[in-house]
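Undergrad: Okay, here's what each chain looks like letter by letter:
Protein chains: 2
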Amino acid sequence: MYRNAPGAEREPDRAKHQVNGGPDANKIRTPVEMTDELLERFFKGDTRALSRIITRVENRTPDSLSLLQELFAHSGKAQILGITGSPGAGKSTLVDRLAQAYRQRGNMLAIVAIDPSSPFTGGAILGDRIRMQTQGIDPGVYIRSMATRGHLGGLATATADVVTVLDAAGKNPIMVETVGVGQDEIDIVKLADVSVVVLVPGMGDDVQALKAGIMEIGDIFVINKCDRPGVDKMERAVLATLSLAHRADGWEPPVVKTVATEGRGIDELVETIGRCYSFLQNSPSRVQKKQEAARQRLVTLLEERLLKTTVQHVFPNGEFNNVVGQIADRKQDPYSIVDAIIQKLRFK
Amino acid sequence: MYRNAPGAEREPDRAKHQVNGGPDANKIRTPVEMTDELLERFFKGDTRALSRIITRVENRTPDSLSLLQELFAHSGKAQILGITGSPGAGKSTLVDRLAQAYRQRGNMLAIVAIDPSSPFTGGAILGDRIRMQTQGIDPGVYIRSMATRGHLGGLATATADVVTVLDAAGKNPIMVETVGVGQDEIDIVKLADVSVVVLVPGMGDDVQALKAGIMEIGDIFVINKCDRPGVDKMERAVLATLSLAHRADGWEPPVVKTVATEGRGIDELVETIGRCYSFLQNSPSRVQKKQEAARQRLVTLLEERLLKTTVQHVFPNGEFNNVVGQIADRKQDPYSIVDAIIQKLRFK
Chain A
1 MYRNAPGAER EPDRAKHQVN GGPDANKIRT PVEMTDELLE RFFKGDTRAL SRIITRVENR
61 TPDSLSLLQE LFAHSGKAQI LGITGSPGAG KSTLVDRLAQ AYRQRGNMLA IVAIDPSSPF
121 TGGAILGDRI RMQTQGIDPG VYIRSMATRG HLGGLATATA DVVTVLDAAG KNPIMVETVG
181 VGQDEIDIVK LADVSVVVLV PGMGDDVQAL KAGIMEIGDI FVINKCDRPG VDKMERAVLA
241 TLSLAHRADG WEPPVVKTVA TEGRGIDELV ETIGRCYSFL QNSPSRVQKK QEAARQRLVT
301 LLEERLLKTT VQHVFPNGEF NNVVGQIADR KQDPYSIVDA IIQKLRFK
Chain B
1 MYRNAPGAER EPDRAKHQVN GGPDANKIRT PVEMTDELLE RFFKGDTRAL SRIITRVENR
61 TPDSLSLLQE LFAHSGKAQI LGITGSPGAG KSTLVDRLAQ AYRQRGNMLA IVAIDPSSPF
121 TGGAILGDRI RMQTQGIDPG VYIRSMATRG HLGGLATATA DVVTVLDAAG KNPIMVETVG
181 VGQDEIDIVK LADVSVVVLV PGMGDDVQAL KAGIMEIGDI FVINKCDRPG VDKMERAVLA
241 TLSLAHRADG WEPPVVKTVA TEGRGIDELV ETIGRCYSFL QNSPSRVQKK QEAARQRLVT
301 LLEERLLKTT VQHVFPNGEF NNVVGQIADR KQDPYSIVDA IIQKLRFK
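Read top to bottom, the protein sequences are chains A and B. Residues 1 to 348 (the numbering used here) are what the first sequence spells out, left to right. Residues 1 to 348 (the numbering used here) are what the second sequence spells out, left to right.
Misleading hints may appear alongside valid ones.
Heads up, the list lumps identical chains together, so a pair's fine if it works in one copy or across two of them.
[Unchecked claim] Simulated crosslink set (SDA-like; lysine to any residue; CA at most 25 Å straight-line):
1) Lys348 x Leu307
2) Lys308 x Gln288
3) Lys190 x Asn59
4) Lys331 x Gly250
5) Lys331 x Glu40
6) Lys290 x Glu304
7) Lys308 x Thr35
8) Lys348 x Thr309
9) Lys44 x Arg330
10) Lys190 x Lys331
11) Lys331 x Gln291
12) Lys344 x Asn322
13) Lys290 x Phe315
14) Lys290 x Pro201
15) Lys308 x Asp333
16) Lys348 x Thr55
17) Lys290 x Gly318
18) Lys44 x Gly76
19) Lys77 x Arg330
20) Lys290 x Thr93
21) Lys348 x Gln326
22) Lys331 x Arg305
23) Lys331 x Gly170
24) Lys77 x Ser336
25) Lys331 x Tyr277
26) Lys289 x Phe320
27) Lys331 x Glu271
Keep in mind that the hints were calculated from the coordinates and are not lab data.
Bound conformation, chain A alone:
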């Protein structure tokens, strides 16, 4: 637990970590001191401290583990909303309008926008800058972009960690906006309490849209840009597909029609999200969903640490690269190498 009271209670920690202490010890800012300071500012609602913690968590700095251990106990309060849909469906505008609506209801909220990454630069392609139109100046809406690539433990783990930080910061709801329907997106959607799938009328062949798997991850379907022709056809296609799916939790996903650019349908969507959240929270399958999310998180964290620790122990002098080279040249096969590494493993 984070100790709110500074002073005496923190002394043991400080003393423990200041092994190089002395007359100048107060000037040397050890990592632990900085972490404590950061957490203190974080819990006071300091946005820069929040951003800094998220950056550390994303970059997996050495202190990010203790930060997350600290913050995990403070999380679990926010409604987490997943907003997904193809590029061009108008997700960003919809999310901006939802944010406005939640602000009007007095919420302090967060938007996590998962941006496709450039395989060349590794960075996000869109970046925060595009998102600043409506909400950027309102301190009640915290916006964070995350690149899809370059996360050590995978995008889903990184997103879960960032959501944990935002949750501990008291942001509610937390809207996670993703593009596409890859495995990563589906894993991210699993984090969400309520998943909203955004469609537009006439998006290519309707059947094509349905077969891409996007239909099966939604708790609520939004037909955005519904001032365009083809709304009824799209709605019929959605309802027909949904009628084939049997949900164990008994929730029947509704269709909400919006024109996000004009703010039409936004209040109905907020109301529908609230109703869905209440329903799913009280559903028996909620426990199973939470356990599935916890399992996935534990597994990906464990995989990451196991790999790192094992490579460090088995290849202490960077021989891992030689082995990789031999596989690339087909002088060794990866299956036998993995077998040999597993043989070295022991447990206390």
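Starting from the structure of chain A, add chain B where the hints point.
TA: Just chain B now, kept in the frame of chain A:
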């Protein structure tokens, strides 16, 4: 190495594994015997043996490891082509036409179609059945669908393993067809010697299509359905985006226009793929790309085995589920649990 000569050479193996042997030993088909039989038929070109081995590899049966160890040495000869693009771009038709063209050139080839999975059933949504129109009756084209979900070591590893099997079977080229631009798809494309991105004129807002990251993974861009309006606009947008990207290998991705349904542009595409393959094979950055693929493969295989072995040792009686439950209830945090597990790890 696989021993082609049956008989004496195989006796030691057989004896070793027939610990329960006796008068009826010849009737008891041990797993190793079956594997040997399967490999023998596989190397004779038996398609059912090929399919059976792929199924075992996909399902990670106990003998799949030795199968892959055996086959890895026989792989590395095929041209691996990645074909990616949004749903509705006409990829399947294009791949079918490419397959016809390669057949006319005398190739025995394979198509691996990565199908979006249903999160409800876990199975592939499209399935092989849709692909059977043109090629299904030709034994020279081997078609395999893979679901995007439910692979223990992840989709990219499973695809690499399946491609290894097909490669060892002498299929060439091997076309891997994927939907979307998630991390998984990008990892799969990394396997490919040549990546083809399929676009269509007027697919939503051009900028939307470009920003989704799909532009940066292609060695060749196909504008399919180019009997539709908007071809020139799309081509200009593609070339403008490509002009921003600097490729270390010096290859300048060309744009090829096709109408796959009519077979138009297919011969040019085959020629372009061949030219690109030769160029990239002789490029110095080819070594780096191969090493990157080898590293990714080793890492994902290692992660999978490390996780399995560790969970079995640390939680021999299924206590893993209890831990997951405590995380779901926020009674424990996953970071501390992973830390405790890592502390138990030792190496010989």
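Undergrad: If the cutoff is 25 Å on CA atoms, where do Lys77 and Ser336 land: within, between, both or neither? Let me know, please.
TA: Between. Shortest inter-copy distance 21 Å satisfies the 25 Å Cα cut-off; intra-copy 46 Å does not.
Undergrad: Checking Lys290 and Pro201: alpha-carbon separation at most 25 Å within a copy, between copies, both or neither?
TA: neither (33 Å within a copy, 43 Å between copies)
Undergrad: Pop the pair Lys290 and Thr93 into one bin, within, between, both or neither, using alpha-carbon distances up to 25 Å.
TA: neither (29 Å within a copy, 41 Å between copies)
Undergrad: Quick one: Lys331 to Glu40, C-alpha cut-off 25 Å, is that within a copy, between copies, both, or neither?
TA: Answer is between: at 23 Å across copies they meet the 25 Å cutoff, but 54 Å inside does not.
Undergrad: Could you place Lys331 and Gly250 in one of the four classes (within, between, both, neither) given a Cα distance threshold of 25 Å?
TA: neither (55 Å within a copy, 28 Å between copies)
Undergrad: Up to 25 Å between alpha-carbons, please classify Lys348 paired with Gln326: within, between, both or neither.
TA: Result: close only across copies, 23 Å inter versus 32 Å intra.
Undergrad: Cα distance capped at 25 Å. Does Lys44 pair with Gly76 within a copy, between copies, both, or neither?
TA: within (19 Å within a copy, 58 Å between copies)
Undergrad: Given a CA cutoff of 25 Å, do Lys290 and Gly318 count as a within-copy pair, a between-copy pair, both, or neither?
TA: between (39 Å within a copy, 19 Å between copies)
Undergrad: Give the relationship of Lys331 and Gly170 under a CA distance limit of 25 Å: within one copy only, between copies only, both, or neither.
TA: Between copies only: 19 Å across chains, 54 Å inside a chain, cut-off 25 Å.
Undergrad: When no copy is specified for Lys290 and Phe315, does a C-alpha distance of 25 Å or less occur within a copy, between copies, both, or neither?
TA: between (37 Å within a copy, 21 Å between copies)
Undergrad: At most 25 Å between C-alpha atoms: does Lys331 with Glu271 qualify within a copy, between copies, both, or neither?
TA: Neither. Shortest intra-copy (61 Å) and inter-copy (32 Å) distances fail the 25 Å Cα cut-off.
Undergrad: If the cutoff is 25 Å on CA atoms, where do Lys344 and Asn322 land: within, between, both or neither? Let me know, please.
TA: Within. Shortest intra-copy distance 19 Å satisfies the 25 Å Cα cut-off; inter-copy 28 Å does not.
Violated hints, in rising order: 4, 14, 16, 20 and 27; the structure is consistent with all others.
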